[in-house]
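**Student:** Below are the chains, spelled out letter by letter.
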Amino acid sequence: MAITLIKMYDLLSDTDLPLALFVNDYIDNRLDATERSALEDCLERDYDLFVSVQKSKMGKTALGKAFKVKAADNFEDKLARRIKREKNLDT
Amino acid sequence: METISKKKLQSFSDEDLMEHFQAGYEQAFNLLVTRFKDRLHNFLYRYTHNHQDCEDLVQETFLRVYRSKHSYERIAKFSTWMYTIALNLAKSLYKKKQRMTTVTIHEDESDLDDRPMKLVDNVILQDDSLHEKMCINELEKALKKLSDDFREVVILRDIQQLAYDEIAEITDLPMGTVKSRINRGRAHLQDLLEKHIYPETISA
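Here the protein sequences come in this chain order: A and B. So that you can map any letter, position 83 of the first sequence is 83 in our numbering, and since no number is skipped, the others follow by simple counting. So that you can map any letter, position 34 of the second sequence is 1034 in our numbering, and since no number is skipped, the others follow by simple counting.
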């Protein structure tokens, strides 16, 4: 997805949607060098945009620290018993 | 019916396992449960905030997969289908809880066998440090405060690590809307966190 700086500005002046597409890909490090450079130039010129992108990045980092919940050790046994009970009710 | 070795089954993709389950191989279903039980618990806990309710929902999700096996078609990823079922169940539970009134559970002093009911929510934490615990608790509180639209997509992307196209399918939203909500959800979450945690504790 090659894009020039001028086109980036055109897109940013439209709805929020095109911006979100670039910002998400930027944070995920999926823009090519030209796109990245164009967006970073926009960030330098637009402080509100810069703050918004920083917040989105920090929110993503914070979410990466969410604790992981696991199934109980006997979950599969419990499920198997429940399936068996249902099968018995059906017959 | 020809038996398939456990080793062979384990080499199958999720979609292959579903096909075999549809053909009558229950071990294929059991292996899908093993593969997805933790992921589903991690996902549904964000809706229930209670381990028992979470386990019930995960069981119900797998039961629906079991009962509706023939409605699965290989054109969709198995995980997409399963997450869609799980999300619909979570939303139904949330709506039901909103309609329920609060009931106080108290001890019956006249009954010697009665014990006070204690609801314990065991939180599994990544790190033992008190500071880290506080940040993680604040994160969960902030996640609860996000609007449903933002929370849903942010959980699927940043906690469940699903791809954007899969999230779009699960939520039945256009890709642009998914990305926009994720972007705004993350920023809003950060705003909520900044109100409760000192800024220097959040690393960028």
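It is worth saying that the hints were derived from the structure and are not from the lab. Heads up, a few of these hints could be off.
[Unchecked claim] So, partial list: chain B residues that the calculated Cβ filter (under 7 Å) puts toward chain A:
hint: 1; residue: F1012
hint: 2; residue: D1014
hint: 3; residue: R1035
hint: 4; residue: H1041
hint: 5; residue: D1158
hint: 6; residue: Q1190
From a predicted model like this one, the values you see are computed outputs, not experimental measurements. Just so you know, even glycine gets a beta-carbon here, dropped at the ideal spot from N, CA and C.
**Student:** Interface hint check: R1035(B), Cβ to nearest Cβ on chain A, cutoff 7 Å. Holds or violated?
**Tutor:** At about 11 Å, which exceeds the 7 Å cut-off, the nearest Cβ of chain A leaves the hint on R1035(B) violated.
**Student:** Would you settle whether the hint for H1041(B) is holds or violated, based on the nearest Cβ-Cβ distance to chain A being less than 7 Å?
**Tutor:** The hint holds - H1041(B) has a Cβ within 7 Å of chain A, the shortest such distance being about 5 Å.
**Student:** Holds or violated: is there a CB of chain A closer than 7 Å to the CB of F1012(B)?
**Tutor:** Nearest chain A Cβ about 18 Å off; hint violated.
**Student:** With 7 Å as the cut and Cβ atoms as the points, is D1158(B) at the interface with chain A?
**Tutor:** 4 Å, holds
**Student:** Identify whether the interface hint at D1014(B) stands, where standing means a beta carbon of chain A within less than 7 Å of its own.
**Tutor:** D1014(B) check fails; min Cβ-Cβ to chain A is 17 Å, beyond 7 Å.
**Student:** Holds or violated: Q1190(B) as interface residue toward chain A, Cβ cutoff 7 Å?
**Tutor:** Holds: closest Cβ of chain A sits about 4 Å from Q1190(B), inside 7 Å.
When the structure is compared with the earlier hints, violations turn up for hints 1, 2, 3 and for no others.
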